[in-house]
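Enquirer: Sequence:
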Amino acid sequence: MPKAFLCVIYVEVVVEVFGGVFREFLHFSAMHRVGSASNGNNSTRPRKEKRLTYVLNDSDDTKHCAGINCLSLLTSASSDGSDYLFTGSRDGRLKRWLLGVDAGICSATFESHVDWVNDVVLVADSTLVSCSSDTTLKTWNAFSLGTCTRTLRQHTDYVTCLAAAGKNSNIVASGGLGGEVFIWDIEAAINPVSKCNDATVDESSNGINGSGNLLPLTSLRTISSSNNMSTTTTQTQGYIPIAAKGHKDSVYALATNESGTILVSGGTEKVVRVWDARTGSKTLKLRGHTDNIRALLVDSSGRYCLSGSSDSMIRLWDIGQQRCVHSYAVHTDSVWALASTPTFSHVYSGGRDFSLYLTDLQTRESSLLCTGEHPILQLALHDDSIWVASTDSSVHRWPAEGCNPEKIFQRGNSFLAGNLSFSRARVSPEGSTPVPVYKEPALTILGTPAIVQHEILNNKRHVLTKDASGSVKLWEITKGIVIEDYGKVSFEEKKEELFEMVSIPAWFTVDTRLGSLSVHLDTPQCFSAEMYSADLNIIGKPEDDKVNLARETLKGLLAHWLRKRKQRTGSAAPANGELLPGKDTASRSLAHSRIEVDGSSENDSMVYPPFEFSVTSPPSIITEGTHGGQWRKKITDLDGTKDEKDFPWWCLDCVLNNRLPPRENTKCSFYLQPCEGSSVQIVTQGKLSAPRILRIHKVVNYVVEKMVLDKPLDSLSGDGSFGPGFSGSQSQHQTVGDGSFRSGFKPWQKLRPSIEILCNNQASNMLFTSLRCSLMTVHEYSMDELTDIRGSTLIIVLSPEMSLATVRTYIWKKSDDLVLNYRLVQSRFACDYLACILLLDVAVSSASGLKAFN
Numbered sequence: 040m041p042k043a044f045l046c047v048i049y050v051e052v053v054v055e056v057f058g059g060v061f062r063e064f065l066h067f068s069a070m071h072r073v074g075s076a077s078n079g080n081n082s083t084r085p086r087k088e089k090r091l092t093y094v095l096n097d098s099d100d101t102k103h104c105a106g107i108n109c110l111s112l113l114t115s116a117s118s119d120g121s122d123y124l125f126t127g128s129r130d131g132r133l134k135r136w137l138l139g140v141d142a143g144i145c146s147a148t149f150e151s152h153v154d155w156v157n158d159v160v161l162v163a164d165s166t167l168v169s170c171s172s173d174t175t176l177k178t179w180n181a182f183s184l185g186t187c188t189r190t191l192r193q194h195t196d197y198v199t200c201l202a203a204a205g206k207n208s209n210i211v212a213s214g215g216l217g218g219e220v221f222i223w224d225i226e227a228a229i230n231p232v233s234k235c236n237d238a239t240v241d242e243s244s245n246g247i248n249g250s251g252n253l254l255p256l257t258s259l260r261t262i263s264s265s266n267n268m269s270t271t272t273t274q275t276q277g278y279i280p281i282a283a284k285g286h287k288d289s290v291y292a293l294a295t296n297e298s299g300t301i302l303v304s305g306g307t308e309k310v311v312r313v314w315d316a317r318t319g320s321k322t323l324k325l326r327g328h329t330d331n332i333r334a335l336l337v338d339s340s341g342r343y344c345l346s347g348s349s350d351s352m353i354r355l356w357d358i359g360q361q362r363c364v365h366s367y368a369v370h371t372d373s374v375w376a377l378a379s380t381p382t383f384s385h386v387y388s389g390g391r392d393f394s395l396y397l398t399d400l401q402t403r404e405s406s407l408l409c410t411g412e413h414p415i416l417q418l419a420l421h422d423d424s425i426w427v428a429s430t431d432s433s434v435h436r437w438p439a440e441g442c443n444p445e446k447i448f449q450r451g452n453s454f455l456a457g458n459l460s461f462s463r464a465r466v467s468p469e470g471s472t473p474v475p476v477y478k479e480p481a482l483t484i485l486g487t488p489a490i491v492q493h494e495i496l497n498n499k500r501h502v503l504t505k506d507a508s509g510s511v512k513l514w515e516i517t518k519g520i521v522i523e524d525y526g527k528v529s530f531e532e533k534k535e536e537l538f539e540m541v542s543i544p545a546w547f548t549v550d551t552r553l554g555s556l557s558v559h560l561d562t563p564q565c566f567s568a569e570m571y572s573a574d575l576n577i578i579g580k581p582e583d584d585k586v587n588l589a590r591e592t593l594k595g596l597l598a599h600w601l602r603k604r605k606q607r608t609g610s611a612a613p614a615n616g617e618l619l620p621g622k623d624t625a626s627r628s629l630a631h632s633r634i635e636v637d638g639s640s641e642n643d644s645m646v647y648p649p650f651e652f653s654v655t656s657p658p659s660i661i662t663e664g665t666h667g668g669q670w671r672k673k674i675t676d677l678d679g680t681k682d683e684k685d686f687p688w689w690c691l692d693c694v695l696n697n698r699l700p701p702r703e704n705t706k707c708s709f710y711l712q713p714c715e716g717s718s719v720q721i722v723t724q725g726k727l728s729a730p731r732i733l734r735i736h737k738v739v740n741y742v743v744e745k746m747v748l749d750k751p752l753d754s755l756s757g758d759g760s761f762g763p764g765f766s767g768s769q770s771q772h773q774t775v776g777d778g779s780f781r782s783g784f785k786p787w788q789k790l791r792p793s794i795e796i797l798c799n800n801q802a803s804n805m806l807f808t809s810l811r812c813s814l815m816t817v818h819e820y821s822m823d824e825l826t827d828i829r830g831s832t833l834i835i836v837l838s839p840e841m842s843l844a845t846v847r848t849y850i851w852k853k854s855d856d857l858v859l860n861y862r863l864v865q866s867r868f869a870c871d872y873l874a875c876i877l878l879l880d881v882a883v884s885s886a887s888g889l890k891a892f893n
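Sequential numbering of the sequence shown, starting at 40, is according to the numbering used here.
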């Protein structure tokens, strides 16, 4: 017996004595070393499967839908001589805008990042480099239609900032949370393997073992990308970027000089660090700020540095003399963005106070250019104007007189910047608050307001949202579209108006971090929700067929990929029961042990209308396969060339093999008993079970069938079936099918004799006020009739379309097994339809008291 296996057994013994900490390690080890079915089944804490997320896009996909974090300008492009603006957003995308005199036209969208884009720079006028909160840097062909050429995975936390040297240099520096700073030669970068800290990382750390040492570089994995899709290649050697070690905490700002020899950085340590960018060695520290440093600039020669801080101050540093030359108090809050004129004589600054200022670095004269409605995140000077990015999804261009900023001071309304913080020093000559020079921007590139509030409705198919402009919309997530735009109405009132008394398991989660709806599917929870085809209005499908919402949604999302894949391979998708291609024997055994055939003998590849996603504004998929990291791509851009390893195995097993992973119990157990004093009784043995979505009228059918056919349990057929659509057994636990009376007299309204199903909740006194009138009607009985039924009891008839899950959630409200009672309806109380009845123990003192419930 191998020694490693003996070690596992020893750990298991220790687990039995000392508790659960070692049990988790045992299961982790066994799961990765032994691919057996028994091992997976015995694990109490199986590893978390990779999720699939799809991001819903607004109808106008040419706009950003979240705050703009970064800007980069290219003037007089060598390709066509035009001016271009590149924007990076919190929606995870970059866009290229062709700039005209009075308009900005979106000419490309760069989509591959799976989280906020935090910074972007241009290298050699043709390569775009971006960084993101997804911990990666990506390089792009700046003049393509969105081609990502490489993904660099070196940071272990959010990458917050970039700095690029001059146009003729390939040097780019990156900084992030965790104190990491790397200096890259973009042209030479393949895949970095060095780290600036010694923390223990996992196998995704690109060449670092558990002790923090470099592994032998014989076969390094690089993540290259074509058409935004990550792929895996093998390289014989890897590129090691220069690690600038020294930061103990997060880095928020970087800047470098024209030649790329000097690098400055700042963050939560409140000091400006200066580095030799050629070696990554520390040169000096500049102290003076009293809060986080959020913005940095270095002049072309590398002598002077400007810094903006959360202490509201701007400081000018002489790097050679290692001292602060001037301090400028112009802002009333944090300074987050700086931009200087080419000669480094004037600085434009913006920040958390929504204001944009121009300051003369020599005379200290300042002027308030404009005031917006959102905090300013980044600035880009463009000839005589300046582009302003903020937490809003729109970008504004303001007049700036960048070629001759003195013109602005000649207009008046200027003031002298103080040396201390605003609260103590800055005043205008007249002693009043400065007046903005400009009231309106010269040009605005509009975005779509970000979603700031959402609510998943009870039907688990609709999500109500409210955006930053106050507009309330209703989304259908199984189609990815807005089905109703209510305008600027009360979100809470609309939520109450759309309330439905239905109970459907939560099969997805939603967040709005990217400014739009991101729908997350995690196995096996996502496969817990089912509905009848009739409820989804699926034409041509039997109305009692159950439809798994997640499976049909996945088929809709991957429909384009499946078609392209079929065209490429020249064969149809695998038949039900066939294992996924490309797996080794152990993997196939493991996959086979974790899935079950869902009961259908054919692979239904049809996408039903309720699950057809828009092709004009398709959602984007974010997921992760068995190799590489996360990737993001529009569903219409999945051209079928992507290997199966790029998707989670459970997604492919669902759409290719029509199989679902094991799920939690989808049955509802209940007892069916005659009402007290009822003369009608049917023979049942113990507890019954049925799908949670089973309607109450199906229970009525079951009772009627027992009564009409008068078949005792011992007369069941050999296969355990009882009548059309029912199943049962001699055991203590019977099953009520959801296909009752499919081949008999189908309309349940015409069944005779009439049966009522009652749920007698003893705690129902307080329930009445929470019930929705749309799901019930009150019998118009006289007081005598109500009293004859059950003393002082009011009878409320609920919809026969109510499911067992709804009854249990909203009426029964107890952890015990549901108890339903049945009785034959007397002729004078016969209704137009059969229903589930809730008896509320409400004392009725007079006939006028009934009017409150009518």
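Just so you know, these hints were derived from the structure itself, not from any lab. Check each hint, because a few of them may be wrong.
When the alpha-carbon atoms are kept at most 30 Å apart in a straight line, the in silico DSS-like pairs for lysine-lysine are as follows [stated by the list, open to error]:
hint, residue 1, residue 2
1, 534, 605
2, 673, 684
3, 603, 684
4, 533, 89
5, 533, 102
6, 533, 499
Enquirer: When the hints from earlier in the document are held up against this structure, which numbers fail?
Expert: 1, 4
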